[in-house]
Amino acid sequence: MSATVAELLKDKARQAPNNKLYSVGPDVSVSDAVNMMVKNTISSVVVMDNHVMVGLITLRELLQGLYQHSEKLTQAKCHDVMKTNPPVAHLEDTVDHLRGLMTELHITHVPVMNQDALVGILSFHDIARSAIKDADFENKLLKQYIRNWPE
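Letter by letter, the sequence shown follows residues 14 to 164 in this note's numbering.
Think of the hints as simulated: they come from the structure by calculation, not from any bench.
Calculated cross-link-like contacts (lysine to any residue; reagent style SDA-like; alpha-carbon spacing at most 25 Å): (1) K33 x E20; (2) K52 x Q88; (3) K96 x L79; (4) K23 x Y35; (5) K33 x S44; (6) K25 x A141; (7) K96 x H64; (8) K33 x N63; (9) K25 x I55; (10) K85 x S36; (11) K96 x Q77; (12) K85 x T54; (13) K25 x M50; (14) K25 x R112; (15) K23 x S136; (16) K52 x L131; (17) K33 x I55.
Here are the simulated distance ranges between beta carbons: (18) S15 x E84: 41 to 49 Å; (19) S15 x V101: 13 to 21 Å; (20) Q81 x N48: 18 to 26 Å.
Keep in mind it's a predicted model, so treat the numbers as computed, not measured. Just so you know, even glycine gets a beta-carbon here, dropped at the ideal spot from N, CA and C.
Construct the complete structure from the given sequences, taking the supplied hints into account.
Quick look at the structure:
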């Protein structure tokens with residue numbers, strides 16, 4: 014049985030106890046959003062307006078913004094480059110579903126919602142770390158099974 018998005022978020026919190034959800038307003042400059050991303054070594058930032066998620070900025074949106082705005086990108090506002098209505102995951106979704114969504118849509122970050130509240134963001138890196146952990150656990154079980162093979 015596949016783990017849930019809620020379990021993946023809990024595991025992420027254990028891996029990085031100071032894990033924080035970073036957000037900016039839609040009228041914040043792209044330059045300020047990039048500074049926040051670099052300073053906090055993150056690869057995405059949620060765009061919030063009155064406590065409601067209105068968009069997401071990842072490295073992909075920044076590259077598209079660079080293409081569209083060229084040298085004026087740093088003066089652009091976050092609402093000019095953000096992905097509006099990004100696909101979201103819910104706490105009860107399975108990690109397999111999330112992995113499929115990210116692969117099918119070629120996206121690297123998915124905001125996680127609990128009803129109408131944003132509760133986190135998961136990256137493909139988080140899913141990869143979970144898959145490695147699961148594979149290590151299965152490997153240990155198989156080795157234990159082989160060691161205890163009846164003669």
